[in-house]
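Undergrad: Protein chains in written order, with the numbering used here: chain A, 1 to 533; chain B, 1001 to 1198.
Everything labelled a hint here was simulated from the structure, so no lab data went into it.
Please read all numbers here as calculations on a predicted model, not as lab measurements.
Each residue gets a CB set at the ideal place from its N, CA and C atoms; glycine is no exception.
Among the clues, some could well be false.
[Claimed, not checked] Calculated cross-link-like contacts (lysine-lysine; reagent style DSS-like; alpha-carbon spacing at most 30 Å):
no., chain 1, residue 1, chain 2, residue 2
1, B, 1014, B, 1153
2, A, 235, B, 1044
3, A, 134, A, 362
4, B, 1071, A, 134
5, A, 395, A, 134
6, A, 362, A, 349
7, B, 1071, B, 1044
8, A, 136, A, 362
9, B, 1153, A, 136
[Claimed, not checked] The calculated label-pair distances, taken between Cβ atoms and stated as ranges, are:
no., chain 1, residue 1, chain 2, residue 2, range
10, B, 1006, A, 63, 21 to 27 Å
11, B, 1147, A, 134, 33 to 39 Å
12, B, 1104, A, 94, 55 to 61 Å
13, B, 1145, A, 94, 20 to 26 Å
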Amino acid sequence: MTSLHPDQVTAERLTGGRRAEPIGPGLGSDGTLNEDPAIRSPLVLSDRSLHDVTEIVCGYAENAPGRWWLPMFAFTATVATVGVLMITYLIITGVGVWGLNNQVGWAWDITNFVFWIGIGHAGTLISAILCLFKQKWRTAVNRSAEAMTIFAVICAGIFPGIHVGRIWFIWFVFPIPNYNYIWPNFRSPLLWDVFAVSTYATVSLLFWYMGMIPDFATLRDRADRRLRAGSGAAKICIRCPITGIRLLKAPFSADRARAFLYGLFAVGWNGSSRHWHRYEVAYLILAGISTPLVLSVHSIVSFDFATSVLPGWHTTIFPPYFVAGAIFGGFAMVLLLLIPARELFANMKDLLTLRHLENMAKILLVTGTMVGFAYSMEFFIAWYGGNQYELYAFKNRATGPYWWAYWTMISCNVISPQLFWFRRLRTDPRSIWVVALLVTIGMWFERFVIIVTSLHRAFLPGEWQMFFPTPVDILTFVGSCGIFLTLFLLFLRFLPVFPMAEIKAIMPQGDPHGTGHGHDPTIGHGGDFTGGH
Amino acid sequence: MPVSDYLPFIRPPKARFVTERGEPVWGVMAQFDDTAGAFHAAEKMRDAGFRRWDLHAPFPIHGIEGAMGFKRTILPFLVLGGTFTGVATAVGMQWWISAIDYPLVVQGKPFGAWEPFTMIIFELGVLFSAFASLFIMLALNGLPRWNHPLMRKDRFLAVTDDKFFVVVQANDPSFNPEQTSRFLRDIGASAVELVEDA
Chain A
1 MTSLHPDQVT AERLTGGRRA EPIGPGLGSD GTLNEDPAIR SPLVLSDRSL HDVTEIVCGY
61 AENAPGRWWL PMFAFTATVA TVGVLMITYL IITGVGVWGL NNQVGWAWDI TNFVFWIGIG
121 HAGTLISAIL CLFKQKWRTA VNRSAEAMTI FAVICAGIFP GIHVGRIWFI WFVFPIPNYN
181 YIWPNFRSPL LWDVFAVSTY ATVSLLFWYM GMIPDFATLR DRADRRLRAG SGAAKICIRC
241 PITGIRLLKA PFSADRARAF LYGLFAVGWN GSSRHWHRYE VAYLILAGIS TPLVLSVHSI
301 VSFDFATSVL PGWHTTIFPP YFVAGAIFGG FAMVLLLLIP ARELFANMKD LLTLRHLENM
361 AKILLVTGTM VGFAYSMEFF IAWYGGNQYE LYAFKNRATG PYWWAYWTMI SCNVISPQLF
421 WFRRLRTDPR SIWVVALLVT IGMWFERFVI IVTSLHRAFL PGEWQMFFPT PVDILTFVGS
481 CGIFLTLFLL FLRFLPVFPM AEIKAIMPQG DPHGTGHGHD PTIGHGGDFT GGH
Chain B
1001 MPVSDYLPFI RPPKARFVTE RGEPVWGVMA QFDDTAGAFH AAEKMRDAGF RRWDLHAPFP
1061 IHGIEGAMGF KRTILPFLVL GGTFTGVATA VGMQWWISAI DYPLVVQGKP FGAWEPFTMI
1121 IFELGVLFSA FASLFIMLAL NGLPRWNHPL MRKDRFLAVT DDKFFVVVQA NDPSFNPEQT
1181 SRFLRDIGAS AVELVEDA
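Given these sequences and hints, build the entire structure.
TA: Pasting the structure below:
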């Protein structure tokens, strides 16, 4: 076994030569969980050809979705509408409709902001950092994680905007010349945050779009091919899902619309190798600059707190602690969304294997433990620093009136990922999903604990107040979840959910030297590499 | 790519070859069905000394730069220009606003202190680099371009699925419709087709 090249073993397994190989005992495995380091787990299962990958991924965007899609979309869109109504109510009435008071001036609004922006970090992490480290398994999840990033940043962007109270003055945060001759204060971390978050949103969007250009071209060419063959001529017709009455008939066919819209965004991509070369260099540059960007953005978000003098916020551990927490929460959300999607979409399990899920479960375990270390280190420094206010702030977190929030956070974020030490639990999609759900809840509570417990007990007991959310607070947050899920469902329905071109490039059929003769220098067998770098 | 493709008022160069129906010949395309075949065909095209030719593929093939024999792109240096523009914008904007136009006393710090400016310098540097990498990449590729002589070919639509096409343009010095087609068949093409100009 060890005399064989890993790619050769993989190729043999893919072509059926080793399909019957025994795998770990008692595991309901798809064959990707082999622990033998000489065997590289295949990234695409079921002996798929290049054309199969096109068919599977384009099928999600071209065929009618399963019966679950429309009811689910109707539900999330309703929830999103409630959120929009709550925001409208807030704007026309004032921030008094929230539970904020003199002492706790930031509560659910900023909690939600940090929660969503944290989730938004996994996409760029998967795309950029895993790309730089040449982790090929990223192709299974990077597109949907990037999409999730964009939608999470949209949700995050709502909250700082509406919490300013008079949203029609929100342009004050940008350095725009104005008749008052005033400018923003560049020494404020809140202004850094404006630049960091808007840069992050823009760069993530560019990264996502650039990755999709070749896949848009695939969808365009398929629609074009059907049109030329005369099979795509049926006009779009929207019927009522219950009564079947025709509601709308468009003057063009679905394939005509696809050829136009996908074609528009594909900007005429035709797969030229000279284009691919520049494309790969540009993609690598974007990955290279996004990696420090993703680390900087959550560091700057943490500066909003860390540069203040409030006990519980004024700590140097905040930037790395926030970044680890963001990666943790983001991966949890990726798993939360993709595990059900994997069950609901045909053949998605061939592209998103148990191995991929296990890898992400391991990342949850690592980052969850890092976050747990940060929690304990905060306590240690509060004691070791000898500042009585700081020590009180932390004692109050664990035993004060918000003790339940603190212990929810600890049990969800620190204790629940420890289940992944057990192989059986980190390879079972059901247990991974449950832990991902707990982590998502725990990460929301982490931000709530940081923000509200530090604000509700200031230096003087006369300033002490409690925060209680109003129904508007709660429904605005629930509504933001609706906006997020609605956008994600639209993504699953209309866009290429997997990076087809990248998947084809890592398949054995995509190897220019034939299968079984790997040339990948990243696996320690660089000696036989004869390509023209 | 000739300028006349983009600017309709510039007269295109006269075609060297025309079809029987009088359409100018744009080039020849040859289909290959697997990655290894396309890769080795590219090596043979390079060795045969063709200049204006390309290999179209559904995904980036590893090591194709060497097989086709083209140089590494200058894109990174151009992107660096974008980075410097972003950094200069951030430095100029923050310094002019904070130290010249609107000096604001914050904690008694010097108006032009550079330390608080570092965050936005970094962010704008990244932002401008990202725009530069996407748009300069597209510009160097001659995109966006929503029509192309190759796209009129039904067979070519499989290039974004699982087929590979070696394409030789008619303005290559050693291009000849019959000889080039024969050469492409000899190096393993499964189908060869003449491409007319749009």
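Undergrad: Between residue 136 of chain A and residue 362 of chain A, is the straight-line Cα distance small enough, at 30 Å or below?
TA: Since the Cα atoms of residue 136 of chain A and residue 362 of chain A sit roughly 16 Å apart, the hinted pair holds (cutoff 30 Å).
Undergrad: Going straight from one Cα to the other, do residue 395 of chain A and residue 134 of chain A come out at no more than 30 Å?
TA: Given pair residue 395 of chain A, residue 134 of chain A is violated - Cα atoms ~44 Å apart, limit 30 Å.
Undergrad: Quickly compare the C-alpha distance for residue 1071 of chain B and residue 1044 of chain B to 30 Å and report which way the hint goes.
TA: Cα-Cα ~17 Å, so holds.
Undergrad: Between the beta carbons of residue 1147 of chain B and residue 134 of chain A, is the distance compatible with 33 to 39 Å?
TA: 36 Å, holds
Undergrad: Could you grab the alpha-carbon distance between residue 1071 of chain B and residue 134 of chain A and see if it respects the 30 Å cut-off?
TA: Between residue 1071 of chain B and residue 134 of chain A the Cα gap is close to 23 Å, so the pair holds against 30 Å.
Undergrad: Are the Cα atoms of residue 362 of chain A and residue 349 of chain A separated by 30 Å or less?
TA: 19 Å, holds
Undergrad: Using the C-beta atoms of residue 1006 of chain B and residue 63 of chain A, is the stated range 21 to 27 Å upheld?
TA: Violated - the Cβ-Cβ distance for residue 1006 of chain B and residue 63 of chain A, about 37 Å, lies outside 21 to 27 Å.
Undergrad: Against the 30 Å threshold, does the CA-CA distance of residue 134 of chain A and residue 362 of chain A hold or violate the hint?
TA: Cα-Cα ~18 Å, so holds.
Undergrad: CA of residue 1153 of chain B to CA of residue 136 of chain A, is that 30 Å or under?
TA: Roughly 34 Å between the alpha carbons, so the hint for residue 1153 of chain B and residue 136 of chain A is violated.
Undergrad: That 55 to 61 Å hint for residue 1104 of chain B and residue 94 of chain A (C-beta), does it hold up?
TA: 29 Å, violated
Undergrad: Does the Cβ-Cβ separation between residue 1145 of chain B and residue 94 of chain A fall within 20 to 26 Å?
TA: This hint is violated: roughly 52 Å between Cβ atoms.
Undergrad: Between the alpha carbons of residue 1014 of chain B and residue 1153 of chain B, is the straight-line distance 30 Å or under?
TA: Given pair residue 1014 of chain B, residue 1153 of chain B holds - Cα atoms ~22 Å apart, limit 30 Å.
Hint check: violations occur at hints 2, 5, 9, 10, 12, 13; the rest are consistent with the structure.
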